[in-house]
Amino acid sequence: MAEQREFFFRRLHSLLGVVPIGIFLVQHLFINHLAVYGEEAFNAAAGFMHELPFVLLLETFVIYLPILFHAILGVYIVFTSRYSTRRYGFFRNWMFALQRFTGIILVIFIAWHVFETRVQVALGNADVNYSLMEGILSSTPMFWFYVVGVISAVFHFANGLWSFLVTWGITQTPKSQRISTYVCLAVFLAVSYLGIRSLLAFAYGV
Amino acid sequence: MAEQSKVTFIITRQDGPDAAPYEETFEVPYRQNMNVISALMEIRKNPVNSKGEQTTPVMWDMNCLEEVCGACSMVINGTARQSCAALVDQLEQPIRLEPMSTFPVIRDLIIDRERMFDALKQVKAWIPIDGTHDLGPGPRMPENKRQWAYELSKCMTCGVCLEACPNVNDSSNFIGPAAISQARLFNAHPTGEMNASDRLNGLMEAGGIDGCGNSQNCVQVCPKGIPLTTSIAAMNRATNIQAFKNFFGSDTAL
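Line by line, the protein sequences give chains A and B. With the working numbering, the residue at position 18 of the first sequence is 18, and numbering never jumps. With the working numbering, the residue at position 11 of the second sequence is 11, and numbering never jumps.
Since the hints were derived computationally from the structure, they do not count as laboratory data. Here a beta-carbon is modelled for each residue, glycine too, at the ideal position from N, C-alpha and C. Treat each hint with caution, since some may be false.
[What the hints assert, rightly or not] 20 Å max Cα-Cα, derived EDC-like pairs, lysine to aspartate or glutamate: (1) B:121 <-> B:53; (2) B:245 <-> A:6; (3) B:224 <-> B:42; (4) B:245 <-> A:3; (5) B:224 <-> B:170; (6) B:154 <-> B:67; (7) B:51 <-> B:89; (8) B:121 <-> A:116; (9) B:6 <-> B:67; (10) A:175 <-> B:151.
[What the hints assert, rightly or not] Cβ pair distances, simulated, as ranges: (11) A:85 <-> B:246: 46 to 54 Å; (12) B:25 <-> A:6: 55 to 63 Å; (13) B:225 <-> A:53: 53 to 61 Å; (14) A:178 <-> B:250: 34 to 42 Å; (15) B:225 <-> A:38: 20 to 28 Å; (16) B:121 <-> A:31: 46 to 54 Å; (17) B:87 <-> A:104: 55 to 63 Å.
Working from the sequences, and respecting the hints, build out all of it.
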């Protein structure tokens, strides 16, 4: 059993990427999308999430620890690969490289995002509300940084969902893997829309 | 033809396992229907490089000369493949030959594929039937299963899938696609199935199946068209189930 620790950690890494991290990402962008319906709608939803009972406990076990584990093992995985898209320019090889590239972007983006929002709220320098995000995103470089971060996160989730299905042996045949590629593409487009639409709402009030 | 045409080869050479690699160019007289191996044989006959200098003959590995042994794999114009099946007429010139970079080089184009055979040992890719008495005929295999298992049995351990895999390298201990598919082959066999859990546990050891990152280069490059990614996904499912059995089950035998 001790010999199989690596297998266990890799499977855990794959599982955590979808449950809970992937689910959290979708939920997060859903709530953000309320910004489109106006400041009050967003503030009500964000306030509700912030006032959930045992919120720190929930955040720790559903968000922080899984993401931390996923990020640390993920960075290790990134540096144990030899990238070969120039020699082998197949679609899946590109997805493989992009999955690792977006992973590195996300480590930076999420660290910054958590510092700028959750840490500042904890320190009492800010409140979880519409104007916090409005203030951050009114700067054009920050807006584009968030666009890249959100697209990377959604890509990493959608493509990760595809490889989750392979890693857990759910999609085995080439046909099922091809269809799940389309399904994951649809997930990518739909969730990206949610994320980008709410960024536009925060930044430009549209 | 008054003047004989020549074929140019740029070969990455290495004098020994620890020596530094270097390139050497050769001009080989063209013959109709020649393949890379027959060109290498020409160089061996007359080891003179394009500058007219006498040099050592280029070393390479070969055996069957009909793309079933896997020994003569090398990187030809950037693509890992068997040199016996690489026809000069179908290659862009100059033709570049390199050893497969995933494996330790012994000399010139000869590489050491030992890690592939170690991988087969790790997953016990055989059927243990040796004993002191006749075990009688084994169980029969359904015909439709035999048909797909036959495709898996075409693997010749040539190493092309490992060369194309981004996760088979010095900083990773991933077992590589070939041995995963072989574990599936022997687990599909009605007699081999009796030791299925041994092979799955081998795949779950450190440096096993978990290193796969689904780049799926292997299935694109396999010269035998083996459905390697289907095998990997099938073994992913089987090892996951085995892991649950090992942890929760009362009977870990199968």
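Against the structure, the hints come out as follows:
1. B:121 <-> B:53: violated (45 Å)
2. B:245 <-> A:6: holds (18 Å)
3. B:224 <-> B:42: violated (28 Å)
4. B:245 <-> A:3: holds (16 Å)
5. B:224 <-> B:170: violated (26 Å)
6. B:154 <-> B:67: Within the cut-off at roughly 11 Å; holds.
7. B:51 <-> B:89: violated (24 Å)
8. B:121 <-> A:116: At roughly 52 Å apart (the allowed maximum being 20 Å), residue 116 (chain A) and residue 121 (chain B) break the hint.
9. B:6 <-> B:67: Cα-Cα ~26 Å, so violated.
10. A:175 <-> B:151: holds (18 Å)
11. A:85 <-> B:246: 46 to 54 Å: violated (37 Å)
12. B:25 <-> A:6: 55 to 63 Å: About 45 Å separates the Cβ atoms of residue 25 (chain B) and residue 6 (chain A), which means 55 to 63 Å is violated.
13. B:225 <-> A:53: 53 to 61 Å: holds (57 Å)
14. A:178 <-> B:250: 34 to 42 Å: The hinted range 34 to 42 Å holds for residue 178 (chain A) and residue 250 (chain B), with Cβ atoms some 39 Å apart.
15. B:225 <-> A:38: 20 to 28 Å: violated (58 Å)
16. B:121 <-> A:31: 46 to 54 Å: holds (53 Å)
17. B:87 <-> A:104: 55 to 63 Å: Roughly 43 Å apart at Cβ, these two residues miss the hinted range, so it is violated.
In this structure, the hints that do not hold are numbers 1, 3, 5, 7, 8, 9, 11, 12, 15 and 17, in rising order.
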